[in-house]
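With chain A's structure known, arrange chains B and C on it following the hints.
Chains as they are written, first to last, in numbering that gives the first Met the number 0: chain A, 0 to 277; chain B, 0 to 203; chain C, 0 to 254.
All clues stand as given, with none of them false.
Every beta carbon over 10 Å from chain B, so not counted as near; a handful from chain A, in silico:
id, residue
1, Ser1
2, Asp54
3, Arg80
4, Asp85
5, Asp155
List time: in silico EDC-like cross-link candidates among lysine to aspartate or glutamate, alpha-carbon distance up to 20 Å:
id, chain 1, residue 1, chain 2, residue 2
6, C, Lys146, B, Asp65
7, A, Lys194, A, Asp139
8, B, Lys62, C, Glu124
9, B, Lys57, C, Asp99
10, A, Lys194, B, Glu27
11, A, Lys126, B, Asp33
12, B, Lys127, A, Glu273
13, A, Lys188, C, Glu3
14, A, Lys188, B, Asp33
15, B, Lys127, C, Asp194
Don't read these hints as lab results, they were simulated from the structure. Since this is a predicted model, take the numbers as computed values, not measurements. In this text, a Cβ means the ideal position worked out from N, Cα and C, and glycines have one as well.
Listed here are the chains, written in short residue letters.
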Amino acid sequence: MSVWEKLQNLDPRWFYYILLIVISIPIVKPWGLPIKIGSQSEAFHEAIEALNPNDVIFVVAGYRTDSIVEMDPQLAVLFRRALEKDVKVVVWGAVDEGAMVAQRVIEPIAEEMGAVYGVHWINLGYKPISDALLQKMIDDFPQAMAYTEMGGGRLDSYEITRDIRTVTQFDLIVCLTNVTPSPAQSILKMITIPKSVPLAVGTTAMCLPEEMPYYSSGHYIGLLGGLRGAAEYELLTGIAGSAIAAMDAQSAAHFLVIILIILGNLGYFFSKKEAKSR
Amino acid sequence: MKNTLPYIITVVTAVIVLICTFFGVAPELAQELDQWSVVSGAVVCAFGLVNLTSVHMKTIKRKGEDWDLSIVLLVITYGYLILGLVKGPTNEIYSWIFNATAVPLGATFYALLAFYIVSAAYRAFRAKSRDAVILLIPAMIVLFGRAPLGEYLFPFFGEWTGWIMDIPAVAAMRAVLLGATLGALISAIRVLLGFDRPYATGGE
Amino acid sequence: MFAEGMIVDFLLVVTMIIAVYYTVERAKTKTWKIRRLPGLEAIDEAVGRATETDRMVLYLPGFGGLGDPQTLASLGVLSDVARTTARYDANLVVAVEYADLVPVYEEVVRNSYVAEGKADAFTPEHIRWFSDHYYGYAVAVIGMIYKERPASVIMLGNFAFDALMYAEAGAQVGAIQIGGTASSTQIPFFVAACDYALIGEEIFAAAAYLTQEPNRVASIVVEDWGKFLVTGLVLLGAILATFGTADWLDKLLSY
Chain A
0 MSVWEKLQNL DPRWFYYILL IVISIPIVKP WGLPIKIGSQ SEAFHEAIEA LNPNDVIFVV
60 AGYRTDSIVE MDPQLAVLFR RALEKDVKVV VWGAVDEGAM VAQRVIEPIA EEMGAVYGVH
120 WINLGYKPIS DALLQKMIDD FPQAMAYTEM GGGRLDSYEI TRDIRTVTQF DLIVCLTNVT
180 PSPAQSILKM ITIPKSVPLA VGTTAMCLPE EMPYYSSGHY IGLLGGLRGA AEYELLTGIA
240 GSAIAAMDAQ SAAHFLVIIL IILGNLGYFF SKKEAKSR
Chain B
0 MKNTLPYIIT VVTAVIVLIC TFFGVAPELA QELDQWSVVS GAVVCAFGLV NLTSVHMKTI
60 KRKGEDWDLS IVLLVITYGY LILGLVKGPT NEIYSWIFNA TAVPLGATFY ALLAFYIVSA
120 AYRAFRAKSR DAVILLIPAM IVLFGRAPLG EYLFPFFGEW TGWIMDIPAV AAMRAVLLGA
180 TLGALISAIR VLLGFDRPYA TGGE
Chain C
0 MFAEGMIVDF LLVVTMIIAV YYTVERAKTK TWKIRRLPGL EAIDEAVGRA TETDRMVLYL
60 PGFGGLGDPQ TLASLGVLSD VARTTARYDA NLVVAVEYAD LVPVYEEVVR NSYVAEGKAD
120 AFTPEHIRWF SDHYYGYAVA VIGMIYKERP ASVIMLGNFA FDALMYAEAG AQVGAIQIGG
180 TASSTQIPFF VAACDYALIG EEIFAAAAYL TQEPNRVASI VVEDWGKFLV TGLVLLGAIL
240 ATFGTADWLD KLLSY
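This is chain A alone, in the form it adopts within the complex (with noise of 0.2 Å):
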C-alpha cells in the first residue's frame, strides 16, 4: 500500500487526538487574535444600546443545555450590558431547558451587579412556547405566564412584572435559541410582524444560515451568530467573556479541518494518479 493510499485509510481517532491537541494549545497560550467585527453584530450591539434606563427587554431563553457554549456567553454579555444601562430584564424559558440554563448564567451576574430580584430583574421560568401563548401573550402576559415566576411567587408581587398587561409593553424581545422549530420565528410571525415589537436574536453557528433570511429581510434588528458572534459583541461592549477567549481555540480548529480537507484530497487524487498508472 503507498503512502498515498495508506493516508486515505488512517484511522479516525488519530485526527481526534490531535484535534484535543490542537485546541489545547491556544486555551492553555492564548494567541490573542484580534477579531474583525460583522455587520450582525453591530445591529445586534445598536439595538441595545439604543435603549434607555428602566426600559424593559424580554429575553427568550429558547436553548437547551447541548449549546452552552455558544449561547452562554451571548446571554451573559447581553444581560450584563443591560444591567449595566439599568435596563430591566425578564427572562422567559421557552424550551424544557431555557430557564434552567438561563437561570445559572444570570444570577451570579445578578449578585455581582447587586441587581434585585423582582425589581432589575425576574425569570418566569419554563413556559412551553406555542402560537396560542404567543398571542396569550399579546392579550393577557400575566395569564400567559399563568400569574407566576419560576419560584412560584405571583407576578403582581414583583415590581418589574406588577404593571405588565401585554408583551406589547416590552421594548425590545431578544430570542436566543438554537432549536428546531425556531422560537425566534415564531414570535416573528405572531407578535413582531404584527404588532411591531422589535426582535433581535442571538443563535448558534448551525442556525445562522436558517436565521439569516430573516435579518437580511429587516424582519431581525440584530442577530448574534455563534461563538463568534458572541466574541464580537463582547469587543462591542467591552465586557471580557469565554468567548473571545474560545476564538483563537476556534481559529485552531478550523485550520486543522482546513489541512485534513487538504491532505484528504492530495491523498484522493495522487492514490488515483498511482491506480492510473498501474
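Chains B and C in isolation, oriented as in the chain A frame:
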C-alpha cells in the same frame, strides 16, 4: 370506528381553526383548541414516562440486559421528579443536580460533533466531481473567513465570507425553506382530506 | 367578512386544497412522472449489501412525532424499505425515539412483510426503542452502529445535530448511507457525509416515487405548481423592486 373517529376529530378541528383564523370569528375557540394541543403534548410526555416505567419494570422483573441500570434510571427519574414537584425548580439541590449532571452531559454530547466534523472533513470533503468542487471552494473560504486567524493572515477571506453568507447562502436557504414549507403545507392538506392517516394503525 | 390580511392566504389555501383534490382524481387516469431520485434507487443496493454480508439494515426515522410531515414521509419510505428487506431476507432494524410510536412502526413493518408474503419473518425485534430523551437515543444509536456494524444506514426524517454523528459513525463501520431531511441546518451534513442524499422536499417526493401511489404523486405535482407560483412571484417582485414599483404587489399580497 377506530380509523373514522380520529379522522372526524382531525377534520372538525382543522375546519374550526381555519374558519376562526381566516374569518376572525371566535378567535378564542381557535386558541382554546391550540391550548388543548399543548395540553395533549404534556399528556404525551406523561405517557412517555408511563411507557419508560413499564419497559424498564419489565426488564427488572425478568432480569433482562442491564436490569440493574434500569433500577438506577427509575430511581433517578422519579426521585428528581418528586424533588422538583415538592421543592420547585429554584431549590438549591434541584439546581445543583441539574448544573452538575444535565449541563455537562448536554455540552459534552454537542462537543462530540466537533470530532465527527474533523473525521468527516478528512473522509468526505473530496473533490470527486464538479459539484463537489463547487461545494468545496466556498466551504474553504468560509472556514478561513470565520476564523480570526484566517482573517488575520488573509483579510480578503473575511470579505468573501461575508458575501457568501449574505447572498448565495441566504438565497439557497430561502429556497430550501420555501420548498420544505410547501411540502409541509401539502402534507397537512393531505391529512385534512384523509389521504394520509398517521393516527390510524400502520400509518396508512 | 375576512380577518385582516387573510384574503390572499385564504384564497391560496383553498386553491391548494382544490388542486390536491383535482390532481388526485386526475391521477387515477393520468400518470405523472417523478424524476429519478438516486438516493431511493440505492435502497435495493443497500439492502442487497446487507443480505450478502449478513449484516443489518438500520433505519432511522428522526426525532419528529406523527404530527411532523417529515415523519409521515419517512413512514412511506420505511414501508418500501421493509418490503425490500422482506423480499431479500435482510435483517431490518428501525430505531425509534418515542416509545408511544413503537406500535405505529411495528404495524408499518409488519404490513410490509405480510405484503411480501413473509409474515413469519417479522418479529417485534425489528423495532428498537432506547430512550425518549434525545441524547439517550442518539448515543444508543451511535453505540449500536459501532457494535453491530450495519451494512446500510438509511436516515430519513427530522434530524438535529445528531445527523452528522450517525452519518460519520456509519461511514466508519463501512455502511452504505442514504440520508434525507428537510431540516435546513442538517442537509449539508447529509450531502457531505452520506453516499446518497435527499435534499429538502425530495423526502416528501420519496414516498410518492417509491410507491407510485396516485394520490402521493398528485401531491408532488401540486407542490411543484406551488413552487412555480412562488418562483413567479419572487421574480416579479425582484423586477418590480429593481424599478421601485413593487408597492402595489406588496399591497395586493397583504390583503
